[in-house]
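Keeping their order, the protein sequence lines are chains A and B. Reminder that position 56 of the first sequence reads as 56 in our numbering, one-by-one numbering, no gaps. Every number in our numbering is 168 more than the matching position in the second sequence, counting from 1.
Source of the hints: derived by calculation from the structure; they are not laboratory data. Keep in mind the model is a prediction, meaning the values are calculated, not measured. Be careful, since some hints might not be right.
As the list claims (entries may be wrong) - One side only, chain B facing chain A, incomplete, derived with CB under 8 Å:
| no. | residue |
| --- | --- |
| 1 | H175 |
| 2 | I186 |
| 3 | G188 |
| 4 | L202 |
| 5 | L204 |
| 6 | E205 |
| 7 | V211 |
| 8 | T236 |
| 9 | A238 |
| 10 | A239 |
| 11 | A240 |
| 12 | V250 |
Claimed, not checked - Lysine-lysine pairs mimicking BS3-like chemistry, simulated, CA-CA at most 27 Å apart:
| no. | chain 1 | residue 1 | chain 2 | residue 2 |
| --- | --- | --- | --- | --- |
| 13 | A | K92 | B | K195 |
| 14 | B | K265 | A | K165 |
| 15 | A | K92 | B | K265 |
| 16 | B | K195 | B | K265 |
To be verified - Label pairs and their computed distance ranges (CB to CB):
| no. | chain 1 | residue 1 | chain 2 | residue 2 | range |
| --- | --- | --- | --- | --- | --- |
| 17 | A | S112 | B | A254 | 35 to 43 Å |
| 18 | B | E257 | A | T24 | 14 to 22 Å |
| 19 | A | L93 | B | K265 | 18 to 26 Å |
Beta carbons: idealized from backbone N, C-alpha and C, even for Gly.
The chain contents come next:
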Amino acid sequence: METVLFYIFAALAVIGAMAVVSNTNPVTGVVSLVLTLFSTAVLFVLLIAHFIAVIQVLIYAGAILVLFLFTVMFLNLRPEGLVFDVGRFYEKLGVLIILMVVTGAFSMELFSNSIGSANGGTQLPEEFGTVEGVSRLLFTQYLLPFELTSILIIVAILGVVAIAKRRV
Amino acid sequence: MNVDVTHYLVLGAVLFVIGGYGVIARKNIIIVLLSLELMLNAVNLTFVTFSRMHGDMIGHVFMIMALTVAAAEVAVGLALIVAIYAHRETVDIDVLKMLKG
């Protein structure tokens with residue numbers, strides 16, 4: 001059962017990813033990325049990371065991609081203005097071949113010396129992947145990085161406001 | 169039924185490389201940002217996979233931090249795109265290689 005689910009959603013994720021990089025229309029790209037992110041959320045559930053899966057759907061698919069869609073609508077790009085992105089076949093083919101060779105080598109390396117099962121072996125703690133378990137780590141051992149992230153967000157907000165304001 | 173941890177890692181590598189192709193080969197700056205999100209997502213998958221493998225939740229914590237950084241990066245990037253578009257009326261990164269505004 002788990003194997004079947006893994007292969008279905010892995011295939012969906014790869015299809016969505018390919019649609020993202022091959023579409024001319026940014027709106028289609030954003031919607032394809034939603035497909036990939038949802039499939040990855042299902043894989044997170046398979047990896048017993050339930051809290052992470054919820055966060056993925058809420059923040060990535062819910063907030064970040066809506067921001068993308070909003071910007072694409074705001075720019076009001078017309079299809080005839082996007083023709084610069086088609087063509088240049090050999091350049092793209094070259095990049096693709098190089099990247100495929102790199103991934104192939106990496107995958108061969110991984111498959112030839114198997115690291116271990118994702119599900120057997122290690123004994124999981126009781127609260128693995130729950131809100132309680134993750135937040136206990138986040139608010140004790142990793143409190144300083146957590147607070148630094150909030151500073152990063154404040155800086156980002158200020159920067160965005162400064163950039164957007166100069167325009168008006 | 170157990171899925172080997174290698175499968176998750178190879179899936180992460182494939183998604184990362186597809187995203188890398190988008191960043192290198194595409195000329196639409198919005199698609200480039202989308203592909204960047206794809207790459208970050210692949211890395212998050214790898215974090216969670218290793219977390220599961222070692223039975224340790226540190227990977228989950230760092231996935232949340234990577235998510236936050238991605239959100240901040242997208243906000244700033246999209247604001248820059250909007251500002252550039254107001255000036256230049258294009259999203260082609262071959263046109264947008266000037267260093268002054």
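Status of the hints after comparison with the structure:
{"no.": "1", "hint": "H175", "in the structure": "7 Å, holds"}
{"no.": "2", "hint": "I186", "in the structure": "4 Å, holds"}
{"no.": "3", "hint": "G188", "in the structure": "6 Å, holds"}
{"no.": "4", "hint": "L202", "in the structure": "5 Å, holds"}
{"no.": "5", "hint": "L204", "in the structure": "11 Å, violated"}
{"no.": "6", "hint": "E205", "in the structure": "6 Å, holds"}
{"no.": "7", "hint": "V211", "in the structure": "11 Å, violated"}
{"no.": "8", "hint": "T236", "in the structure": "5 Å, holds"}
{"no.": "9", "hint": "A238", "in the structure": "7 Å, holds"}
{"no.": "10", "hint": "A239", "in the structure": "6 Å, holds"}
{"no.": "11", "hint": "A240", "in the structure": "4 Å, holds"}
{"no.": "12", "hint": "V250", "in the structure": "6 Å, holds"}
{"no.": "13", "hint": "K92(A) <-> K195(B)", "in the structure": "11 Å, holds"}
{"no.": "14", "hint": "K265(B) <-> K165(A)", "in the structure": "23 Å, holds"}
{"no.": "15", "hint": "K92(A) <-> K265(B)", "in the structure": "20 Å, holds"}
{"no.": "16", "hint": "K195(B) <-> K265(B)", "in the structure": "12 Å, holds"}
{"no.": "17", "hint": "S112(A) <-> A254(B): 35 to 43 Å", "in the structure": "53 Å, violated"}
{"no.": "18", "hint": "E257(B) <-> T24(A): 14 to 22 Å", "in the structure": "18 Å, holds"}
{"no.": "19", "hint": "L93(A) <-> K265(B): 18 to 26 Å", "in the structure": "23 Å, holds"}
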